[in-house]
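For the record, the sequence lines run as chains A and B.
Sequential numbering of the first sequence, starting at 12, is according to the numbering used here.
Sequential numbering of the second sequence, starting at 323, is according to the numbering used here.
Don't take every hint at face value.
Straight-line Cα separation of at most 20 Å, SDA-like style, residue types lysine to any residue; simulated pairs [what the hints assert, rightly or not]: (1) A:Lys68 to B:Gly418; (2) B:Lys374 to A:Asp110; (3) A:Lys26 to A:Arg49; (4) B:Lys415 to A:Asp67; (5) B:Lys376 to A:Thr112; (6) B:Lys391 to B:Ser345; (7) A:Lys22 to B:Ile370; (8) B:Lys415 to A:Ala107; (9) B:Lys415 to A:Ser64; (10) B:Lys415 to A:Arg108.
If you are wondering where the hints come from, they were derived from the structure by calculation, not from laboratory data.
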Amino acid sequence: GAGVSQSPSNKVTEKGKDVELRCDPISGHTALYWYRQRLGQGLEFLIYFQGNSAPDKSGLPSDRFSAERTGESVSTLTIQRTQQEDSAVYLCASSARLDFTDTQYFGPGTRLTVL
Amino acid sequence: LAKTTQPISMDSYEGQEVNITCSHNNIATNDYITWYQQFPSQGPRFIIQGYKTKVTNEVASLFIPADRKSSTLSLPRVSLSDTAVYYCLVGDKRGGANNLFFGTGTRLTVIP
């Protein structure tokens with residue numbers, strides 16, 4: 012594809028509801044990353060995938076967060092029982108390989124607002 | 323322990339050269355240094371990467387001293403459109419979560 016896409020671009024939900032955020036990486040990219048960015052803050056790493064596998068889930072903020080990737084393509088980040096502190100922009104990125112020297116290409120993000 | 327330390331913010335006038343320094347005192351032998359730029363309401367984008375000495379591309383230059391404990395991103399003749407947050411990262415080729423520390427970055431504001 013032309014770039015990394017994310018959907019929805021904006022999501023407003025009520026506290027306690029579950030939300031699912033989607034990321035479509037660049038075709039052929041092996042590595043996929045999820046980050047969270049609160050208003051005015053830096054990026055907080057959440058999880059990465061090498062292929063369909065997530066070797067390290069320690070960056071996920073709580074057990075309400077989960078992520079999966081299928082077909083070495085689309086990834087979904089699911090937040091259960093959302094809380095107001097989950098409000099943030101969730102950014103997805105992909106790179107050709109799981110290699111720090113490979114450029115990460117970021118999507119536009121999903122802005123999540125929990126009321 | 324943060325892998326990198328940068329100034330929180332910087333201001334510059336249009337047309338000036340801007341130098342943003344990043345400290346990475348614990349950089350490892352196999353680590354590379356990468357800088358990303360983030361405009362408001364967008365995801366970050368890659369600017370430049372280096373290992374030692376100097377790297378230059380069409381956007382910026384990266385200066386890395388011999389001890390590699392710091393690096394300086396140089397933006398020549400900035401314009402208003404260079405207003406953004408600049409992130410310095412260090413990591414090795416293996417990838418992994420410990421290479422993905424963006425921190426809070428440096429917020430550059432270019433003034434007319």
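Results for each hint:
For the suggested pair Lys68 (chain A) and Gly418 (chain B), the alpha carbons sit about 11 Å apart, so the restraint of at most 20 Å is met. Taken as a hint, the Lys374 (chain B) and Asp110 (chain A) pair is honoured in the structure, with Cα atoms around 18 Å apart against an allowance of 20 Å. Taking the CA atoms of Lys26 (chain A) and Arg49 (chain A), the gap is about 17 Å. The hint holds against a cut of 20 Å. Simply put, Lys415 (chain B) and Asp67 (chain A) have alpha-carbon atoms about 17 Å apart, close enough for the 20 Å limit, and the pair holds.
Distance restraint check for Lys376 (chain B) and Thr112 (chain A): the Cα-Cα separation of roughly 16 Å lies within the 20 Å cut-off, and the hinted pair is therefore satisfied. Of the pairs offered as hints, the one joining Lys391 (chain B) and Ser345 (chain B) holds, with about 6 Å between alpha carbons and a cut-off of 20 Å not exceeded. Using a Cα cut-off of 20 Å, the hinted pair Lys22 (chain A) and Ile370 (chain B) is violated, with the two alpha carbons roughly 33 Å apart. Our distance criterion of 20 Å between C-alpha atoms is met by Lys415 (chain B) and Ala107 (chain A), whose separation comes to about 13 Å.
Only pairs whose Cα atoms come within 20 Å are accepted, and Lys415 (chain B) paired with Ser64 (chain A) is accepted, the gap being roughly 18 Å. Restraint check for Lys415 (chain B) and Arg108 (chain A): satisfied, since their Cα atoms lie roughly 10 Å apart, inside the 20 Å limit.
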